[in-house]
Amino acid sequence: MAEDAKERVDGLETLDSSQDGTKIRKQHGKTLFVSHLPYAVTNTDLTTFFSDVGPLRRAFVVTDRETKKSKGLGYVTYTDSEDAERALQQLQGASIDGGRRHIQLEWADRRPSNNDGRSTKTSEDSQSKPHAGPSQAGPRHNFLERDPDAVRTIVVSGLAACNPQADTKTVYKRMRKVGDVEHVEFKDLDGSPSSDVALVRFRTPNHAMEAVTKLHAHQFKGAQLSIGLKKRLDGALRLEQHMRPDTLLKQKSLKRKVEEMNQDAWKIGQNPIGLNRESRVIVRNLPFDITMEDLRAIFLPYGPIYDITLPTKSEDSNSESSRGRGFAFVWFVSRSDASRAMESVNGISLRRGAAEQAALKKAKGKKGRDAAKQALEKAQTSAQPARPVAVDWALSQKDWLSRAEEEQAQIEDSKSTSSKRARSETESEGDSDENEVSSENESDHETSESDQDSTDQERDDSAEENDDDKPQNRMADTDSGTILFIRNLPYQATEEELKDLFRAFGPLRYTKITMDAATKRSRGTGFVCFWKRESADAALRESELVQRETAASSLLDSKIARSNPFAAPSVMTADPSAPLVSKFTLHGRVLHVARAVTREHASKLETASRKTREKGDNRNTWLLREGVPLPNTPLSKQLSEKEVDRRLQSFSIRRAQLGANPSLHVSKTRLAVHQLPLFVTDKMLKRMALHALRAFTDEVKRGEREDLDDDEKADKTMSANIKESDQDPAKKRPPPSLVIQSKVVRQNERVDPMTGKGRSRGYGFLEMRSYTHALKVLRWANGNKGLGELLARWWKEDLAKQISALKSEKQLTEEQRLYLKRMSNMLQTLEEEGSKATKSEVRGTLRIEFSIENVTTVRKRVMRQTEAREKRIKRQKVCTSFLTQLETRPAGPESAPPSERYPAQSRSTQTANPMQEDQHQRKSLGSLIGKKRKERKRKHGGA
Numbered sequence: 001m002a003e004d005a006k007e008r009v010d011g012l013e014t015l016d017s018s019q020d021g022t023k024i025r026k027q028h029g030k031t032l033f034v035s036h037l038p039y040a041v042t043n044t045d046l047t048t049f050f051s052d053v054g055p056l057r058r059a060f061v062v063t064d065r066e067t068k069k070s071k072g073l074g075y076v077t078y079t080d081s082e083d084a085e086r087a088l089q090q091l092q093g094a095s096i097d098g099g100r101r102h103i104q105l106e107w108a109d110r111r112p113s114n115n116d117g118r119s120t121k122t123s124e125d126s127q128s129k130p131h132a133g134p135s136q137a138g139p140r141h142n143f144l145e146r147d148p149d150a151v152r153t154i155v156v157s158g159l160a161a162c163n164p165q166a167d168t169k170t171v172y173k174r175m176r177k178v179g180d181v182e183h184v185e186f187k188d189l190d191g192s193p194s195s196d197v198a199l200v201r202f203r204t205p206n207h208a209m210e211a212v213t214k215l216h217a218h219q220f221k222g223a224q225l226s227i228g229l230k231k232r233l234d235g236a237l238r239l240e241q242h243m244r245p246d247t248l249l250k251q252k253s254l255k256r257k258v259e260e261m262n263q264d265a266w267k268i269g270q271n272p273i274g275l276n277r278e279s280r281v282i283v284r285n286l287p288f289d290i291t292m293e294d295l296r297a298i299f300l301p302y303g304p305i306y307d308i309t310l311p312t313k314s315e316d317s318n319s320e321s322s323r324g325r326g327f328a329f330v331w332f333v334s335r336s337d338a339s340r341a342m343e344s345v346n347g348i349s350l351r352r353g354a355a356e357q358a359a360l361k362k363a364k365g366k367k368g369r370d371a372a373k374q375a376l377e378k379a380q381t382s383a384q385p386a387r388p389v390a391v392d393w394a395l396s397q398k399d400w401l402s403r404a405e406e407e408q409a410q411i412e413d414s415k416s417t418s419s420k421r422a423r424s425e426t427e428s429e430g431d432s433d434e435n436e437v438s439s440e441n442e443s444d445h446e447t448s449e450s451d452q453d454s455t456d457q458e459r460d461d462s463a464e465e466n467d468d469d470k471p472q473n474r475m476a477d478t479d480s481g482t483i484l485f486i487r488n489l490p491y492q493a494t495e496e497e498l499k500d501l502f503r504a505f506g507p508l509r510y511t512k513i514t515m516d517a518a519t520k521r522s523r524g525t526g527f528v529c530f531w532k533r534e535s536a537d538a539a540l541r542e543s544e545l546v547q548r549e550t551a552a553s554s555l556l557d558s559k560i561a562r563s564n565p566f567a568a569p570s571v572m573t574a575d576p577s578a579p580l581v582s583k584f585t586l587h588g589r590v591l592h593v594a595r596a597v598t599r600e601h602a603s604k605l606e607t608a609s610r611k612t613r614e615k616g617d618n619r620n621t622w623l624l625r626e627g628v629p630l631p632n633t634p635l636s637k638q639l640s641e642k643e644v645d646r647r648l649q650s651f652s653i654r655r656a657q658l659g660a661n662p663s664l665h666v667s668k669t670r671l672a673v674h675q676l677p678l679f680v681t682d683k684m685l686k687r688m689a690l691h692a693l694r695a696f697t698d699e700v701k702r703g704e705r706e707d708l709d710d711d712e713k714a715d716k717t718m719s720a721n722i723k724e725s726d727q728d729p730a731k732k733r734p735p736p737s738l739v740i741q742s743k744v745v746r747q748n749e750r751v752d753p754m755t756g757k758g759r760s761r762g763y764g765f766l767e768m769r770s771y772t773h774a775l776k777v778l779r780w781a782n783g784n785k786g787l788g789e790l791l792a793r794w795w796k797e798d799l800a801k802q803i804s805a806l807k808s809e810k811q812l813t814e815e816q817r818l819y820l821k822r823m824s825n826m827l828q829t830l831e832e833e834g835s836k837a838t839k840s841e842v843r844g845t846l847r848i849e850f851s852i853e854n855v856t857t858v859r860k861r862v863m864r865q866t867e868a869r870e871k872r873i874k875r876q877k878v879c880t881s882f883l884t885q886l887e888t889r890p891a892g893p894e895s896a897p898p899s900e901r902y903p904a905q906s907r908s909t910q911t912a913n914p915m916q917e918d919q920h921q922r923k924s925l926g927s928l929i930g931k932k933r934k935e936r937k938r939k940h941g942g943a
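Quick note: the sequence shown uses UniProt numbering, first residue 1, plus one each step.
Read the hints as simulated data drawn from the structure, not as lab findings.
Result set (DSSO-like, lysine-lysine): computed pairs, CA atoms no more than 30 Å apart in a straight line: (1) LYS743 / LYS839; (2) LYS366 / LYS177; (3) LYS931 / LYS871; (4) LYS801 / LYS743; (5) LYS362 / LYS214; (6) LYS668 / LYS604; (7) LYS839 / LYS796; (8) LYS642 / LYS743; (9) LYS860 / LYS877; (10) LYS871 / LYS668; (11) LYS743 / LYS874; (12) LYS642 / LYS378; (13) LYS378 / LYS364; (14) LYS931 / LYS877; (15) LYS177 / LYS364; (16) LYS743 / LYS860; (17) LYS796 / LYS686.
All values derive from a computational prediction rather than experimental measurement.
With the hints as constraints, model all of the structure from the sequences given.
Right under this line is the structure:
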């Protein structure tokens, strides 16, 4: 007890002496507060570590009251204050156990009182000291405290736009329809009588969450509400409790403004000025007459909005009317909501009337809908045309200016670097005429892996230097052979390191590492340009020697690899430490050197490589991209956005099917035709394919369409459904049909009243004779907008032919009369309404793609068609043999047919059984057909 009292007296004496003038040395006392201690450190370890500086009075580790485990904190008290000051300076940031945790030291008397309730003598010392001024810690603000009701409280904003003005009673009546409401309170943000925000506390958290789901972006008394959970808004502020002290100091000035304006936890959460501005987006290219309500209706479905800023410019300062300046800022509460809004709204066309359209969707009752329709029509009548908007993250003015300064500095640095390089190269070469030429040829040095952005930047710099009449460095032509292409570059390598590595082979003109335009990082490739071709040849010879000696060259480049399908490139690499390899080693990686080619030649090589991969693909997966409106393709510009999205979705589904089932493949000759008009028949589909082939050829001759390339023409893939006799060119026969099969898929449960067949499902298949024919049909008919009118015209012609054929019949059955009446009515309707009726029948443009097939299904189809063909040939042979017997039969009563030998019996049999008479007529007709076919074959020289 006496010792404790003496310590308290020492503390008081220290403070008194500080008031007399010895402030710097004695105001801290002798106790140090130690944080970031390893949890395995004990009191003995702490005493041993700090006793090296001077004698200690005590040292202990703070432990948890229940678990008795270390909290990572401790106190150390020296007998002399000078030893304590020396320990603070020498041991700051040291590691007690040699690990990664470095201790932090500070004076214990500046530490606030222990919050865990542990009563220590050191804390008593610090608490017993009188303070000359107010406490530095001060009272904690209420916005840092947790609100126990935040999980069942919602924040309703946007009430200021209600008409009539909303109050607690009206808000309570609306909210109680969702759940049990305990309390409604308006929070005035600016002190004005018209409040915009209200806090609604429900009985349970489930009711609060249900209110957020149902009422967010809800129309209430003409206003669109924004509703969020209060706990979500409060969570952002609690993050500062876990921030580092230096981070808190940076935001001290901004937080002070917020704390002065708001002492309520929710208001602080709703006013994140200075806390987080990352969820703010800018909307550009807006119509000038768009309003705040329109922007609120557009962006509110994506999440709660804190603020919308629409800069305006008044045409007349005295008038209240003002027009926008074409851009706006939307501040979301959550950055994730802002990201979703940016992805969805960016690129779409906006115009005035979005608020009225949202009100029309929420309107109830006939009167409400009529009023909303009138308001929408009024807004759209006077609205400006829609404009596509651009949405991006908003930058503060400071960030924008700093970024502009960085870009300007980079431009100036590149100018100075180019000037220095030009002067040094001129001095070394001594020939200014060779150096003064445009740098536009640099684009020829790059392969497909080069960085286009760096090329454009150097081209701009060269143009600026030319305007200033400054000498430029001449970029060597690739044909000169002085440029080498480098592969397997380390990603951390620099151009200076690459220059130092290749300088041993001769004087260098420049080195360039290709950078990715999106990530701004190295692609692992680069270029080295020498002044002389001899230097480049020497480097290339050394590289080839390294590859040959170390067996690093690709096995696939040899003739053996081409003949051996099981050959694969070696995974072994050269030893970087070998003397021969060290010349091309950079950061432990061996560089691969090759002669650079022009951009055109590199494009050809890439195309050839792609064609080689396609030939090796037995499943023909590369045909999935044929006919798909990919971005920046001519087909994507012809179709609407909805149609493009539908086709891209189909492409994704087809690609997923091939990836999931290895037994599927893409047929080269079978086409799947989607979005067919329901009136299209098998015959009409075949006619369309033949017309597409002729139209494709005619357009190529006129120069309106590109022809198939050489590789596509060289592909002689034929349909699997062609019989072997048709593929023999030695036999003479009539020209075969280019369409092997045309099939419209029909329903079995529904019957088409016009044809009596199953109703069309809107899609079908075309089996073409060869791959080139299928490719021509796809490229001409896919997405062709004029094909619908052509099919409708063919339909009219087909209806007219069927009607005339039925009218020529002498006797019609009841079913035939019904068909005739329906077809006549349809033809009359088409002729009267014209294009209007045609558009109603046509289902948009055709979507044609190569069909995905199963190996088993294809095999069964071929077998089924082969069996049908064999049966047909067998019937023809039977008919032919029967006709031959009739021709070679001798004359006489015995050789006469039974009908002549037994006329009475034959007539009685025919009279008694009319079905046999019908069968006899059919057999005679079949014999006649077979005879004509046989004569035709003999005429053409067939067997």
